[in-house]
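Protein chains: 4
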Amino acid sequence: MTRARELGLGCGDLPTGARNSIADVAGVRVGHASRTEGDLRTGVTAILPHGGDVFRDRPRAASHVLNGFGKSIGLMQIDELGTLETPILLTNTLSVGTCGTALIRRAIAANPQIGRGGRGTVNPVVLECNDGFLNDIQALAVSEADAGAALDDARADFAVGAVGAGTGMSCFGFKGGVGTASRRLRLDGAAHHLGVLVLANFGRAGDLLLPDGRRLAPPAPPAAESGSVIVILATDIPLEHRQLQRVIRRAGVGLARCGAFWGNGSGDVFVGFTTADRVDADGGGRGGGDFAALRALAEGRIDKLFQATAEATQEAVLDAMAASDTMTGRDGNRRIGLRHALGGAA
Amino acid sequence: MTRARELGLGCGDLPTGARNSIADVAGVRVGHASRTEGDLRTGVTAILPHGGDVFRDRPRAASHVLNGFGKSIGLMQIDELGTLETPILLTNTLSVGTCGTALIRRAIAANPQIGRGGRGTVNPVVLECNDGFLNDIQALAVSEADAGAALDDARADFAVGAVGAGTGMSCFGFKGGVGTASRRLRLDGAAHHLGVLVLANFGRAGDLLLPDGRRLAPPAPPAAESGSVIVILATDIPLEHRQLQRVIRRAGVGLARCGAFWGNGSGDVFVGFTTADRVDADGGGRGGGDFAALRALAEGRIDKLFQATAEATQEAVLDAMAASDTMTGRDGNRRIGLRHALGGAA
Amino acid sequence: MTRARELGLGCGDLPTGARNSIADVAGVRVGHASRTEGDLRTGVTAILPHGGDVFRDRPRAASHVLNGFGKSIGLMQIDELGTLETPILLTNTLSVGTCGTALIRRAIAANPQIGRGGRGTVNPVVLECNDGFLNDIQALAVSEADAGAALDDARADFAVGAVGAGTGMSCFGFKGGVGTASRRLRLDGAAHHLGVLVLANFGRAGDLLLPDGRRLAPPAPPAAESGSVIVILATDIPLEHRQLQRVIRRAGVGLARCGAFWGNGSGDVFVGFTTADRVDADGGGRGGGDFAALRALAEGRIDKLFQATAEATQEAVLDAMAASDTMTGRDGNRRIGLRHALGGAA
Amino acid sequence: MTRARELGLGCGDLPTGARNSIADVAGVRVGHASRTEGDLRTGVTAILPHGGDVFRDRPRAASHVLNGFGKSIGLMQIDELGTLETPILLTNTLSVGTCGTALIRRAIAANPQIGRGGRGTVNPVVLECNDGFLNDIQALAVSEADAGAALDDARADFAVGAVGAGTGMSCFGFKGGVGTASRRLRLDGAAHHLGVLVLANFGRAGDLLLPDGRRLAPPAPPAAESGSVIVILATDIPLEHRQLQRVIRRAGVGLARCGAFWGNGSGDVFVGFTTADRVDADGGGRGGGDFAALRALAEGRIDKLFQATAEATQEAVLDAMAASDTMTGRDGNRRIGLRHALGGAA
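Keeping their order, the protein sequence lines are chains X, D, A and C. Sequential numbering from 1 applies to the first sequence in our numbering. Sequential numbering from 1 applies to the second sequence in our numbering. Sequential numbering from 1 applies to the third sequence in our numbering. Sequential numbering from 1 applies to the fourth sequence in our numbering.
Mixed in with the good hints there might be a few duds.
Claimed, not checked - Listed next, with one range per pair, are the computed distances between beta-carbon atoms:
(1) D:Gly27 - X:Arg214: 52 to 58 Å
(2) X:Gly52 - C:Asp282: 57 to 63 Å
(3) A:Pro112 - X:Arg155: 53 to 59 Å
Stated by the list, open to error - Some, not all, of what chain A presents toward chain D, calculated at C-beta under 7 Å:
(4) Ala154
(5) Arg257
(6) Asn264
(7) Ile302
(8) Gln307
By construction, these hints were calculated from the structure, which means they are not laboratory data. Ideal placement from N, C-alpha and C gives every residue a C-beta, glycine not left out.
Let the sequences and hints guide you as you build the complete structure.
If you want it as structure tokens, here you go:
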């Protein structure tokens, strides 16, 4: 597995975390389930915010829709209530419903009061990109079992590239996939982390910009952008909901610096969460009572997080491409791995 | 089937359409599938905007989220692109994924290019309320076949009350369900219609306001609002997307006049569409070319539509309650029909 | 000065604060400057969130635009940064610029670093309604001195009705103006308050609904709604920005229950702030450091605040009308005071 | 006056209009008034969408707030009603009120019915950046006469650089100002234009990226971003409001490619308008009647406009810097012109 930095594709000035991964945020783990039999090139990727039950121990969260041409679910409630209630799943566009049902079934199994006694239900969060170029997406092949397998596979040292939900994705005419990056920030004298995981399936062939300003010759005939990109951001820095929204919005900077203009067909959607100051199922703090204590960042320090988000997002996209080999899929459709093209360009 | 007006619960000043129903908008049809075996009190309701294929012949549409404590899908893309690509399904909260998958499968069957050749996928629209008080919602009983049955059942003369998605709903401590109402408006010398269909599952016991100002004694002990309400608005009046958003927002007026304060637990979501000036799958008009002709309402006339939306929404909620008999459901939980209570109140 | 409750126009179930006024929130004060010479019927109303310097000691704040047909200033930054930097001024539509400049000049006088040394500037907040029916609004008569006089007049026991910014306002065809109401809430065993002040200048003649369900015969010929309404909400309850946005949105419930459908021409704008857990000019807490401690409400308790907002807004509108006498203004235009009409209706 | 292209700083692939300016959109004109006496380095820039009276002949318009840390006025109504009612003024942060009043006074002079007879008022649009580093912004020196002078100066061949509102602006530690660029697009067989004008006052010293990927050595010590950037977009392409919002949002791509991460202190605000299919003061089309005919772009063609917006915005920022000489202002504060630095970097 080649990482972006091994190809000289690191981005920006801030120091990375130890893994240069979303799992540098303590507790965050990622799992994959891949489906590659026959014409299938698809799968599921799971992001778990911590090791406990997310329904009962909810991270504060926010979302930002840069381009709503997409079919993700769960965002509406994230921004109304400001919390996650389940792990986050990524998959292909037509499998969102199945993955959502899988999250619901798991949440009920662990919390039998869901849907009983007026305590409400559960909000599954599933985001997607269209892998239909390489994958027989019409097969609706992803199952609840695949979703479960991705959740069960969660680990801090996870694979990137053409794996899980990234299996069949394309990016700037090259092979896309799952990528990650992180940045380390010092606040009040202690180390904190901000990490990003992307499902990269966007960008017109010919538009890719490398960090040194080179534009890479198109590996495929130019075509209208028809992909999407999902950015999941995790941090251990305490932020209120409004601040988290401001931070994740800056993922758009990273995408623009990769050469994208946020094309019409690209559903660009960002979800961020902090592991700090979590709330219980009633929306309160851990101590009970009518009020929950939390911390917010002094707004004057937020530029560090903006910069970290821009850098990590740009690099995570390149990381997804760096780790992906050339792949042939449905009907012989083919995407070249960036490594091979870089060999030619260098 | 008792309608709100038969109980003296008509609202407002504007004239109704012939059916006083969303189907007064020509072409709009509604179908139901109900599941009432054992502890199930649930189902699916389908709203079809016209008689053709919605994926190829797209109504202009918009949504408004009054309270995002809900799990509806498809709204994000409606507001990015301003169109519907499928019929609208209503169901219980935990069955959204299954109904979405059903819509996808139908769309692919009729349009085999979906997910092939870079033409993108399809955006299913499914909205929901939590019927868990009367229904064994944990059973996840709604199937793709139920969704198909609701779509196949579509007709202009459809049932209201405890039917389809409305089967197990509750409203202000009474039995809720599906209700409808319409208003007739004259513009440029011709008759036009604006119709509303609600899935009414909201309101604290004791808070119900009748149109004459009476507040109805609580049929059930007061409890935190934990339901939701979905409002689907249809019109044949040409509107641009911005105007459609302004119009559907006024559904909130109707809810407030019923006695709701848009409670924390009530995911209040509105979707509106116009059957005028539809677009093709490329987002263009029927004649091809780079531009599509449409008409917008002169903004100075829009108050009529605001008033119609407020009146029809308020009345559709009362219509859902008027048509619903007392029901006993899961674990002997019971909701009184409004008719019985009105007998006592009168 | 007659209050709404003296006319039997109290709204809802929750107990009021001692003054039934926004000033029941400790520290909040209100001042007026009125201009009634010749054809002028206008003025300025100031809301001060606390007794200190607002630029250095910033209340957390949020806004909600129900209908953006209006010219208020300062809202954009309130929702980006979540704070107030100046007192809030209310005035007529064409005097917003002058009042904004007055707030800037005061802020600079007290904080000479504004606009120097890269520390940014100051965000004046001014909201408005169109008093052009009774007032010669074209005269642009409101001066910076009037704004200063309103600020200097601030007090806890302030006048309501046709005074300050309310001098020339109209409401449902009657005389409108400034009104207020409050509700007392118990949280974590202590008394808290939520108060509302409205500048009421909205509603079609003939549409007014009284709390008992009566609709009041039109005192003026029906005409298109062309006014607006501003709602300022204050509380001492700790809320994060997202929660404050949810709370103030419920002001729309109060307006709907008064009989409005949020007409096209009515710019309906709400601003709320909490006096709890304020921040300094750098966006941090009082203790310095990179993080600020704050408290949020356990979300499950927020319905109390929603109900309080709905009730207090409805009552504050009626309070504005109750306290206003019949007025004749520009060109002999005349608005009847609600008291006189109620005499006839009773 | 040196343009960006003369320094080799052209951006992107699409052809420019004849002037490479916002005035390539037929009818659009720009005027400036500059104030440079003593410690003043400030002014006003006016953008006129067409040669007629904007209050009676309204361009369809939309806005997008990328970062709301700013004090612009008029945006709220633009997005509610979708039109401009006045020319657009740009100025310094503390002069917004005065410029707004100037626009109101002009509109009344030309339309004496404003504020009379229930026909509403007028919505002035003024946007701003903080020029306080070079300018004595506390002087509040900009007058209504300056605003009038900028409006009267409007022409198709206008100056860029340190002129009008751009006089005292800074950008990436260099001298900023006003810049412009345009792109020519072919639709339905005819030439159309999309033009951008920026007021560039943003970016941290050291972060500037040139189109060839070079990062320019900081001319000033790094400091927190405390500026802002305003982007005005004009086009003759027919678009509905929703589409115009999508298009102007892509200005953020251009800013990111210049090296910005949309810093905390930078109020980044975009306003766009189309000169096609304008509406009258009642919101209707030219022919009267209840409906207005308009055209929308087939959504599948919108990527061209996204790309044009990204390219033109990036280039307009560099254009503002290219045309600006080194300037010394308030208290001897100094900003180097980019030309001088490029000499050293080349």
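The hints, checked one at a time:
| no. | hint | verdict |
| --- | --- | --- |
| 1 | D:Gly27 - X:Arg214: 52 to 58 Å | holds, 54 Å |
| 2 | X:Gly52 - C:Asp282: 57 to 63 Å | holds, 59 Å |
| 3 | A:Pro112 - X:Arg155: 53 to 59 Å | holds, 57 Å |
| 4 | Ala154 | violated, 31 Å |
| 5 | Arg257 | holds, 6 Å |
| 6 | Asn264 | holds, 5 Å |
| 7 | Ile302 | holds, 5 Å |
| 8 | Gln307 | holds, 5 Å |
In the structure shown, a violation is registered for the earlier hint numbered 4 alone.
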